[in-house]
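*Asks:* In case you want the letters, here they are:
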Amino acid sequence: NAGVTQTPKFQVLKTGQSMTLQCAQDMNHNSMYWYRQDPGMGLRLIYYSASEGTTDKGEVPNGYNVSRLNKREFSLRLESAAPSQTSVYFCASGTGGHTGELFFGEGSRLTVL
Amino acid sequence: QKEVEQDPGPLSVPEGAIVSLNCTYSNSAFQYFMWYRQYSRKGPELLMYTYSSGNKEDGRFTAQVDKSSKYISLFIRDSQPSDSATYLCAVSGGSNYKLTFGKGTLLTVNP
Numbered sequence: 001n002a003g004v005t006q007t008p009k010f011q012v013l014k015t016g017q018s019m020t021l022q023c024a025q026d027m028n029h030n031s032m033y034w035y036r037q038d039p040g041m042g043l044r045l046i047y048y049s050a051s052e053g054t055t056d057k058g059e060v061p062n063g064y065n066v067s068r069l070n071k072r073e074f075s076l077r078l079e080s081a082a083p084s085q086t087s088v089y090f091c092a093s094g095t096g097g098h099t100g101e102l103f104f105g106e107g108s109r110l111t112v113l
Numbered sequence: 001q002k003e004v005e006q007d008p009g010p011l012s013v014p015e016g017a018i019v020s021l022n023c024t025y026s027n028s029a030f031q032y033f034m035w036y037r038q039y040s041r042k043g044p045e046l047l048m049y050t051y052s053s054g055n056k057e058d059g060r061f062t063a064q065v066d067k068s069s070k071y072i073s074l075f076i077r078d079s080q081p082s083d084s085a086t087y088l089c090a091v092s093g094g095s096n097y098k099l100t101f102g103k104g105t106l107l108t109v110n111p
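Same order as they appear, the protein sequences are chains H and P. Okay, so the first sequence: first residue is 1 according to the working numbering, each after it adds one. Okay, so the second sequence: first residue is 1 according to the working numbering, each after it adds one.
No lab work stands behind these hints, which were simulated from the structure alone. Ideal placement from N, C-alpha and C gives every residue a C-beta, glycine not left out. Don't take each hint at face value.
Unchecked claim - Derived DEER-like restraints, expressed as beta-carbon distance ranges:
no.	chain 1	residue 1	chain 2	residue 2	range
1	H	Ala2	P	Ser82	31 to 39 Å
2	H	Asn62	P	Asn22	39 to 47 Å
3	P	Ser82	H	Glu106	13 to 21 Å
4	P	Arg60	H	Thr111	34 to 42 Å
5	P	Ala17	H	Glu106	48 to 56 Å
6	H	Pro8	P	Asn22	31 to 39 Å
7	H	Met27	P	Glu3	38 to 46 Å
8	H	Glu59	P	Ser52	22 to 30 Å
9	H	Phe10	P	Arg77	35 to 43 Å
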């Protein structure tokens, strides 16, 4: 049982380049999330998808786009990367609602030069 | 004011010590309180979950919620080096199903 799988685990980009972070979960969860984690800032929600076919902005959506490809997959795209987007990105999934536990991937470490 | 405030530490204790980790929150609508543990270079994982006020115990871990003062705590008894990690509090409630996380406290338990 793989849980939540993120690819790639590491990436270095130059300013202005684009890339997509991929996330897949095998737990049949309805809800999926993208967070970024920065030193001193904690986990901040970028976008989330409460169910297949829906996406909503979180706390820090600027500079990002998402696609809920199907129930299993939720991708995060940086169209024109900026140094401020250097961070560790975590994908998570859950059953949704207040009592639903979130299951996180191992993270994708992105550096924008 | 941030919705959830958490002292980032770092906190360093000897093995066997009792550890107290704390968060405060501002929105009285929050009713669901969680503690996540994150080992270095890993994703967070749920450690404890509490609904409304009161205490919840799980082995060496106790989660405590005081809604009157908007204060949540995690106590670790007989701390072990394997407890060394970052601990993040998280809250949700009302119409907001999204979790709001604290910044996390880095704990090191020294053998």
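*Asks:* Next step is simple, just say for each hint if it's right about the structure.
*Replies:* Going down the list of hints, with the structure as the test:
Range check, H/Ala2 to P/Ser82: Cβ separation about 24 Å, and the 31 to 39 Å hint is violated. Range check, H/Asn62 to P/Asn22: about 32 Å between beta-carbon atoms, so the 39 to 47 Å window is missed. Checked against the hint of 13 to 21 Å, the pair P/Ser82 and H/Glu106 passes, with Cβ atoms roughly 19 Å apart. With their beta carbons about 38 Å apart, P/Arg60 and H/Thr111 fall inside the hinted range of 34 to 42 Å.
A beta carbon spacing of about 29 Å between P/Ala17 and H/Glu106 contradicts the range 48 to 56 Å that was offered as a hint. Between H/Pro8 and P/Asn22 the beta carbons are some 36 Å apart, a value that agrees with the proposed interval 31 to 39 Å. In this structure the supplied range 38 to 46 Å is violated for H/Met27 paired with P/Glu3, their Cβ-Cβ distance being about 28 Å. A beta carbon spacing of about 25 Å between H/Glu59 and P/Ser52 agrees with the range 22 to 30 Å that was offered as a hint.
The hinted window of 35 to 43 Å between H/Phe10 and P/Arg77 holds, with their beta carbons roughly 38 Å apart.
Hint compliance for this structure: hints 1, 2, 5, 7 are not met, and every other hint is.
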